[in-house]
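Single-letter residue listing:
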Amino acid sequence: MAPMTHEEMAPAARRIHLARQTLVFTLLLALLVVAFTVSLCVGRFSVPAGRALELIWQGISDPSRELAGIDERIVLLVRAPRVVLAALAGAGLAISGAGLQGVFRNPLVSPDILGISQGAAFGGALAIMLGIWGFPLIAMVFLCGMAAVILVGLLSRINGRSETVTVILSGLVISSMFSAVVSLLQFIADPNTSLPAIVYWLMGSFATATWERTLVAAPGLILGSCFLWMLRFRLNILSLDEAEARSLGANTIRERWLVFCLIAVIVGSQVAVSGIIGWIGIVIPHAARLLVGHDHRALLPAAAILGAGFMVCIDTLARTATAAEIPLGVITALVGAPIFAALLRHHYRERTGS
Amino acid sequence: MALIVIRGDTMVPLSLFITTALRRRMAAALAAVLFAPAAFAEEIVFKDQGNREVRLAKAAERVVSIVIPMASTVIALDGSTRKLIGMNPTAKSAVVEGILGKIFPEAKDIPSDVTAPNFVPNVEALTAANPDLVIQWGDRGADIVAPITNAGLTTMLILYGTEELTRDYMTMAAKAIGKPERIGELVEWRDRVQKDIQAKATAIPDDKKPSVLYLGRALSDISASGTKSNYNAWSIQLAGGRNASEELNGTVSVNKEQIAAWNPDVIFLNAFEAKLNVDWVYNDPILSLTNAAKSKRVYKMPLGGYRWDPPSQESPLSWMWTANLLHPEVFKYDLRTEMKTAYKTLYNYDLADSDIDNILWLKEQGAAADYAQFEAK
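Protein chains in written order, with our numbering: chain C, 6 to 359; chain R, -18 to 358.
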């Protein structure tokens, strides 16, 4: 699945390709804007759409003004940070998935494979058990997520090198180890207080989103994604055959680890503020690939925009469908699993040529 | 010389034919003949809430409560900690955090390693404790019951939820520990207070009933309960309130926007989360704009001999506290005096004024609306 670059195409084909890309990106951005607007206008507390948009405009034009009314606070302090955080997290997860799939040359891997999510989950569950809330919890989650990646790195390093398959297996090992400890924590957790909190947190939610939390997660999500975007050419090379990539002068091992670290920063930041959200990192990049092809220069931004829009839609559903908050993990799995199944079959058919 | 029977062409000692069960039956028959009046006078037999027959040769002297609230109930029923030899870690945290640990300092030493907090028994620790009776939930599956009965321990199953069930299992427990005379007065007290509140509450017109939100959890995620078979919703209704979250099904997570939409007149915070207090509501940009916060009607449930949110031996105090807060003009219970009387009866303890202040969190929420009524006169 080596991507074909623009330069390799005939001029006419290239023009069509560019026109198509422009159209796809315009549509994706338009959909994202619609998702954003709708999400800001709907919720359990009734605020007329016109009033909600007016409040958003006021919030943007005069961010320092005093928020007196409850509708203002709902729109600007509850919905807005939640929508922004969901969008950033969705974009981060999708771009991480796309990057990782390129590095592994396998469209079926997801960011969970490096053990980050489970490591971070352990940090979160431990913090809840110890009664730690707020920023110390976020810090603990982030550090444990990073620790998981470091452990995977150490474990997969044999004679100074780490092969792709060793990385995947090491990720599996570390991931299972952390999930076992999380289970242990759940086992000893107080069923009246910390246990439901841990379980709910493990299922993922943006319910606790505030501007402060958004600001805590944003640097990791934005910088990680931007650096990944800067590596788009490298990703194109890394997604080639190992020997071919080396012959093009790539230090595959070092670059691969650079990508892993960026992904750890992105996923760690996301899990820290919103718990584990599965499936986005695997399904969205694939959808984006169907729309714009394998070239990471187009694939990464397309995955990011699609991931952001998709996550905003899912979160809007989670918080508005019923009086009870539906955990995000439940919806993403319900939507993601069938798509993944279809994807698997599609792949199998392609491989066997039937 | 051993008795031998011939079966086929081998000779087998007769003792092999006498099974353990047969031996037990023979011993029992012998005992029945020898000590008939004494043996049967003490035997305690009753049906538990799992609809099983519980049979105790005599009043249980060593009781383990795997369920959380029953630990303090057993102490209250016996009037001492003598009979409670094991409890749930979560029950123990209430003992340590609340006043029970002060009334009965030795309660802090009762082991809690007999079960995980999630009610899965540690059968070896449990068996080693050698209990006469183990109290376990009857509605959470056989997996948490079978290991106990398989270990040959006598188990009493109880069900959670309603006031009727609470009275019933408290009566069963009193009977099992040989203190049936203790329960009459406690049930009578529950009945009297409940009827008194009910009689006054029915006179309150519906539009005068405040909407009340009870938050079972608040810190990491926020949860509220529907009305159906929920004890907190029931006690809110009893005291003349409307459950703000009645549209929910079960106890589930909700978001702050939903709470704003309900806009409750009163918010009760649970007593389970030690770090939770009313400032959590007042410092929140959304919750601080609810009717409850604006009128300073946010209260954390007290923590006495047990937490006041779930049913316990102290429930009538909890109802009076709720009623006085929801309708201070209708209900005028002298809660401090009631508490002193109740604690004398339940734990044979004379509550000091400072004890009452601590139980009712007077220092933390004394400034709340209508809370001055609970101050020492």
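Simulated from the structure, these hints should not be mistaken for laboratory data. Check before you lean on any hint, since a few could be wrong.
[To be verified] Some chain C residues flagged as far from chain R (calculated, every beta-carbon gap over 10 Å): (1) Phe41; (2) Gly48; (3) Arg84; (4) Pro141; (5) Gly158; (6) Met182; (7) Phe192; (8) Trp206; (9) Ala223; (10) Glu355.
[Stated by the list, open to error] On the chain C side, residues computed to face chain R include the following (Cβ under 8 Å): (11) Pro196; (12) Pro201; (13) Tyr205.
A quick note: this is a predicted structure, and the numbers were derived from the prediction, not measured. Just so it is clear, CB atoms sit at the ideal spot from N, CA and C, and this is done for glycine as well.
Hint check:
No Cβ of chain R approaches the Cβ of Phe41 of chain C within 10 Å, the least distance being about 17 Å, so the stated non-interface status holds. A Cβ of chain R approaches the Cβ of Gly48 of chain C within 10 Å, the least distance being about 5 Å, so the stated non-interface status is violated. Its beta-carbon lying about 7 Å from the closest one in chain R, Arg84 of chain C breaks the requirement of being farther than 10 Å from that chain. Here Pro141 of chain C stays apart from chain R, with its beta-carbon at least about 13 Å from theirs, past the 10 Å limit.
Under the 10 Å C-beta cut-off, the non-interface status given to Gly158 of chain C relative to chain R holds; the minimum distance is some 31 Å. With a least beta-carbon separation of about 21 Å from chain R, Met182 of chain C lies farther than 10 Å from that chain, consistent with its non-interface assignment. For Phe192 of chain C, the requirement that its beta carbon stay farther than 10 Å from each beta carbon of chain R is not met, with the minimum near 6 Å. For Trp206 of chain C, the condition that its CB be more than 10 Å from all CB atoms of chain R is violated, with the nearest at approximately 6 Å.
At roughly 20 Å, the least C-beta separation between Ala223 of chain C and chain R is larger than 10 Å, which holds for a residue marked as non-interface. Remark: the non-interface label on Glu355 of chain C is consistent with the geometry, its nearest Cβ contact in chain R lying 42 Å away (cut-off 10 Å). Using the Cβ-Cβ criterion of 8 Å, the hint placing Pro196 of chain C at the interface with chain R is satisfied: the shortest such distance is roughly 5 Å. Hint status for Pro201 of chain C relative to chain R: holds, with the closest Cβ pair at about 6 Å, below 8 Å.
This hint holds: Tyr205 of chain C has a C-beta 5 Å from the nearest C-beta of chain R, less than the 8 Å allowed.
The structure does not agree with the numbered hints 2, 3, 7, 8 stated previously, though it agrees with the rest.
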